[in-house]
Amino acid sequence: MLKNLYKHSILIISVFLLAISCDKGEPAVVHEHEVFTRVVLEVKKDGETNFKKYTFEVEGHDDHGHDDHGDDDHGDDDHGDDDHGDEHTEVELDTNSTYHVSIFFYNDSDPDNIEDVTLEIIEEADVHQVFYEMTEIPGFSIAAASDDTKDSNGNPLFLKTSWTTASETSGDVKAYLIHEATSKTGSTRADFGGATDVEIEFEVHIE
Amino acid sequence: MHHFIGKIIFNFFFGPKKCKCSSCSKLTKSVAGISLFATGLLFSQDCNLTLKGKVVDLHDNTPLEGALISFVGMNENVLSNASGEFLIKNQCEGKLSLKISHVSCEDYLTEFDLKKSSSKKFFMEHHIESLEEIIVSENKLKDLSTTANSYSLSQLEKDRYSSGNLATALGSISGVSNLSTGNSVAKPVIHGMYGSRVGIVYDGVVLENQQWGLDHAPNVDLNAFDNIRLIKGAGLLKYTGDTPGGVIVLESSTPKISDSLYGKTIINGMSNGRGYNLISSWIRSFNSGIFLKAQGTLKKNGDYSTPNYILSNTGNNEENFSVTIGRNKILKKLKINFTFYSQEIGILRSSHIGNVGDLLRAIQSNEPFVINPFSYEINFPKQFNKHYTSSIEYSVRNNSNGKWITKYNWQKNNRKEYDIRRGSDKYDPALDLTLDTHNLVSSYQWNKSNISYDLGLFSQFQDNYSNPDTGIKRLIPDYVKVRLGSFFTTSYSIFNNLDFNFGFRFEHINNLVQKYYRFSRWNNENYEVDLGPYVIKETLSQKLVKRRLIFNNPSFNFGIKSKIIPSHEISFNFFYTQRAPDIAEMFSDGLHHAIASIEYGNPFLKSERTNKFVINFEKNEGDFQYNFNPYLTKGKNYIVIEPAGVEQTIRGAFPVWEYRSISSSLKGFDIDLSYKFNKNITYKNNTSWIEGVDENTKTPIVNIPPLITNSQLQFSISKWKSFFGSIISKYVFNQNQFPDNNFYTTIIENGSKVEKLVDISTPPNGYHDLGIDLNWGPYKLFSNKISFSLTFDNILNANYRNYLNRMRFYNDELGRNIMIQIKINH
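Which chain is which? The protein sequence lines are A and B, in order. Letter by letter, the first sequence follows residues 1 to 207 of my numbering. Letter by letter, the second sequence follows residues 1001 to 1826 of my numbering.
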């Protein structure tokens, strides 16, 4: 009786295993949507036609210099500097000038289909906001340009900005793209709330 | 010759061994004649034989006291004692016909050949007359283990938490806490372990629902089960061998064999979250043993609130139902079951953040950034989980006390997590995992009066599919897992006061994983050396690796339990477990929004090995009762996730967390005390302390519950017969044993760049939570019984945060909640 029961169960299990032992198909490649892999700043001096282009890449840490921000002390040494060496970008500006600056956001994770996310941001203007935050840079200011996109409440998105310089100086600027900000105006990043989708940092050199 | 004729006649009348007393009385008389005749013929043979019998309940093996054993056709009879035993002396060799009767059991007629003095066990189908008896008989359930303590939720406790979830319900047991993500997502933590280290067994099969995720609550409805019990430690090798934390067992009781319809309905209304529940279960059973059980749960909650603000987007909805159809016979049982579980959970709106700067601002802020008016609406971010189960179970009991059970179970789990997204992806889930699991288990149980065995084979096939249409790289890859193995458990008791238990389980696990690695990660980690040969495809930015990972894991346990003096018990249990790393631990790859971290699996992990030692001192009789339960768990290759640097992206700098194996040591104790002052007042306390250390670095392990002490004063009032209440006071101390996983981030403040500490490690202060339960009933309502209860949680409306809640960076715990419960037993 017992033997039979066991014979039966072994039989059932082997049939079951046979039925399920088929291989699985190859998983499809995921093309990442709505990620930001590249941010471009186009800086054009008023009155000139040429512009300077500054590119910020998502994984640009492989072959650039390291400008450390103190993270090393707190991170894990095993990973070396490559993981968190910021790509240091310097934006060169002339004294006593005005610049027209445009910011663009791209997703190039699928090289065959590079996506300009800026268009989507303009489409959903109400839930997006660009904010420039800077250290003390005397005489330097950033304001919305006249051709900037405005949301339904008339708030400029700061996609197109006007930069004014005065005397020789330098300082750090952070540019944020904020999604679903709780406030569309403010003077610090905290004032806006929301989630940070992009945070890039560069140095402005005014000379 | 007369033997032969006797047998035929006997079989003719008693073929169906079970029959109603009334219809049997005539038969009994006629058989009596035959038996007397037979006995007469056998007169010349040995007449000094004895029969030692034991009458036990067929369903749970508990001894039946006071069973009347009568010789068919004679006026002699004996009664079974407290251990269900009886003795019949001076019997002659030959056929013996007995009728066994017991209150609320159908009479059991049996006949067998008595050749020498022997002992025999008799199974009675015990019929539970009323629902109250179900409650009483809960404690009569067969112990999960003969040596390891099992802890159970009483019917009342289970009902109290009917509006909550499994983890919160179990949280009232010492040594068990919750690891939660907000109010609706909670995982049980047993002795400092959770996730894949805690097994949840429902109706005899382990629940497979992506249990690795910290924010993945078990997809099971506690209201669909009658009994909820747990063992702290890997004490149930019949079900799992890789859960060193413990095993939670959810069971449905077997409906009675009689023509009846009964059920239970619970209606809950809650002030916090303005939630309401309707929970109902019905059982229709027939004399033939056929039964039909249907159960359904509907839950709806809106935004919860803390004492000071509303937690926007924290509502949840649940819709569950289960149907079981089966047939119970004394010797055979068939059960077919289907369950559906569906849960939609809103995740605090403010916890969807973009980067570390956002996390820092959230930690610095006292309140969430988004506080909207109360709403039942669930927006993004949210989780939407479904779990389907179909199972079929067949068991046969043979005459030599053996029982063969075969069970097939199919589980399909779908988990969708929605983030706040933009454009065309706005309504698409960010994570969409479908886990299909087939289980086939076959086991043979055999028991004699003092020894029992359970031997079985099992196989599992599992397929995980990660939907690529999410447009977000897979958090865990597609894989196929085959698990095969067998188990053997045995328990042996010497007299009544010394029990031994031993179990062994072997699992062979074969994973076939196909994962895409991005070039950046591939190069950084130098994976080419080890994983290069497994690359089967290369795209412009990714490599597809197909790897087969095989683990062979033996597990065993050993236990001894002894009664030193009456009512005092001491037990020692040892559990050795080997757990194959989770797919998530080996291959996870993604960004966690709520804690702004990037998580990477470690593809070279080995099986985790743990040795757990548990001692129990227990006194479970009298006015003063206690249970003291110290334990020690030593882990080798114990898998933890730890910070491993910072990754720079154009979203900002993200801390990177990676899985690693360490040598671990977890030690602690649980104490349960109760003292009955008089028949109206009882005081209960349970206290749990645990410490977890990484043996190599001597640093504490993360997410270990702090010291918790839970007191309860239960009172009733003599004048009000159907009232009783309790005051529950929970004190959670400050956890001062924690690893420092803090990091710095640079922000611009007042015109200059400053470094800020992002403190994700320091636990919040201790807190005190006071609650009151008041219960009235049961009262008669037509043919039903109705009870009421009024429950107050956090009655002082205290403000506090909880170390084991991942939302502690964003919000306080819930404020006062008043729950009204109406319970109807049909």
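If you are wondering where the hints come from, they were derived from the structure by calculation, not from laboratory data. Some clues are possibly wrong.
To be verified - Now the stretches of chain A that chain B is said to cover, found in silico as 3 or more residues with beta-carbon under 8 Å:
#1 132-139
#2 142-154
#3 167-180
Ideal placement from N, C-alpha and C gives every residue a C-beta, glycine not left out.
Exercise. Going through the earlier hints one by one, which of them does the structure break, listed in rising order?
Worked result: Of the numbered hints, just 2 does not hold.
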